[in-house]
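Visitor: Protein sequence lines correspond, in order, to chains A and B.
The working numbering puts the first residue of the first sequence at 1257, with every later residue one more than the last.
The working numbering puts the first residue of the second sequence at 641, with every later residue one more than the last.
A hint or two may mislead.
[As the list claims (entries may be wrong)] For each label pair, taking beta carbons as the anchor points, the in silico distance ranges come out as: (1) B/Ser703 / A/Glu1306: 38 to 46 angstroms; (2) B/Pro830 / A/Ala1491: 32 to 40 angstroms; (3) A/Thr1467 / B/Lys722: 47 to 55 angstroms; (4) A/Ser1477 / B/Ser890: 42 to 50 angstroms; (5) B/Asp785 / A/Asp1284: 55 to 63 angstroms; (6) B/Ser703 / A/Asn1380: 31 to 39 angstroms.
These are computed hints drawn from the structure, not numbers from a lab.
C-beta: ideal position from N, C-alpha, C; glycine also.
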Amino acid sequence: MSALTFTVKQETAQRVDMSPLSCQLLKDLSIAEIAAIELQNGKRKLRVDELFEIAGTDTQQIVIKNSFAKLDFIAKDLQDGTVTVEGEAGAYLAMGMKSGSVTVNGNTGLYAACEMKNGLLTINGNAGDFLGGALPGNKQGMKGGTIIVKGNVGQRAGDHMRRGTMLIEGNAGDYCGSRMIAGTIAVMGSTGRFLGYAMQRGTLLLWQQPTLSATFNDCGSHTLAFLPILFKSFAKLDSKFADAAQAFDRVQRFGGDMAEKGRAEVLVKL
Amino acid sequence: MIINGVSIDATFAEAFPMKATRAIITAQNEKWAMISAQAMTGFATSVIACGCEAGIERVLDPSETPDGRPGVAILIFAMGGKGLAKQLETRAGQCVLTSPTSALFAGIDEGEQIPLGKNLRYFGDGFQTSKKIDGKRYWRVPVMDGEFLTEATTGRVDAVGGGNFLVLAQSQHQALAACEAAIIEMKKMPNVIMPFPGGVVRSGSKVGSKYPALGASTNDAFCPTLKGITKTDLSPEIESVMEIVIDGLSKEDIDNAMRVGIQAACDLGAANGIKRISAGNYGGKLGPFHFHLQEIMA
């Protein structure tokens, strides 16, 4: 079976809710039924076959071609299956994803991996603000799984993050790891202002020296035994993080945010 | 059956079901991993009074350990799951957590998960942090030499304890030499430990005692100094008997270890004073696992 492929015929002026096209929802549907699904497009509904040319039959392998930045909620609550996006993805990509994998060969909008539970999200471009964050008003963001971003991420990456691993090959914007409850965010590039703002627990693993606020205290330089295990777990990933030359176990440890619980850490490569 | 002049008794060793787990201790170098492992498996020769039976399975190359440092694999056996969990936690807390540069990992993933460092984390007084990596939870406990890293749980599996054989020799030093040769070969086998000092026990016991408070007492039928005054199992030329006890993760593991051990003892042969190989049992009524010597050596 070939992958079920949705090719955008023409970009829409209004945003499109793509959540009905997640693998687990299409499992038992025929192509005709899938074509008849109505997607919310601004204030009106749009049939799938109005927006996309449909090819292929494997509903557990979805490809979206010519994707553009107004396709929101792609791979929402994904459970098993794979979704590949060729082009840009809108907001809330892989929101609540439970398992499976999502790959975006382009940039993504706000709230990618919002409240993601498990699985693998690879963004071969840049990610917008609130990557792996919680919906406004909710208290827990990403709760598990792995996110790889090959480009840069916007502000507040990992906001309210509860568990899981976020690997950023590029730069991170301001407030990276803000209000983080636990989990690991690794950033190879630079980080912005207010790093780890109100962070409770968890680890920010950095390759570059950050500008830290006064509420993160220097705990000295250390060799940490868990780091080789962490890096070993990256070995299977398609990422710079898998490169053994990038691994290290010697770090400068900063504890904070002392204005919060103060049990979080910023580890900077030495 | 006679091998190299050594008579193999038509008898069997009787063994019991136990619960077991493996733990991996790593450290800055093999020396400190071994020190920690020796401490953790100390005073663990017999469940009769130690609460568990434990031993060092083998030294691990850095490429075999989770954190890429030199390590030692240990096996711990107990009569029940609760007892095993208690012994594991107590020993890990007092012997590994305390040992410089050490880290502690699960050596068995399958089976019911029992706490390894799950509760030791509280030593961190709230400063401990957890990391879940590839589905496994680790605890990082701040300690004075840096950080104690431990996996939260390890797998508990069904196992077999009490496999054994006796080496009957013309002299004490010949019995010991045969046992030493056996232990060298048996230590090469996976999934088994020989929990007694150096792998050898010289005070094999029988069930019961003339003293009501004691559940076990000296195996007088195999005590050479009592040959003339008790219902002995020894012929006149036997002057010393030593026993090797084996605990293993499966009956097959014990079979294999007994085979290489008995063979090594027999290789010394009658010419070196090794006269008989026998085994300890309770008439077959107590333990469900029977290791028939002649079948193993066939």
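Visitor: Against this structure, judge whether each hint is valid.
Guide: Structure-based check of each hint:
no.: 1; hint: B/Ser703 / A/Glu1306: 38 to 46 angstroms; result: violated (57 angstroms)
no.: 2; hint: B/Pro830 / A/Ala1491: 32 to 40 angstroms; result: violated (26 angstroms)
no.: 3; hint: A/Thr1467 / B/Lys722: 47 to 55 angstroms; result: holds (52 angstroms)
no.: 4; hint: A/Ser1477 / B/Ser890: 42 to 50 angstroms; result: holds (47 angstroms)
no.: 5; hint: B/Asp785 / A/Asp1284: 55 to 63 angstroms; result: holds (58 angstroms)
no.: 6; hint: B/Ser703 / A/Asn1380: 31 to 39 angstroms; result: holds (33 angstroms)
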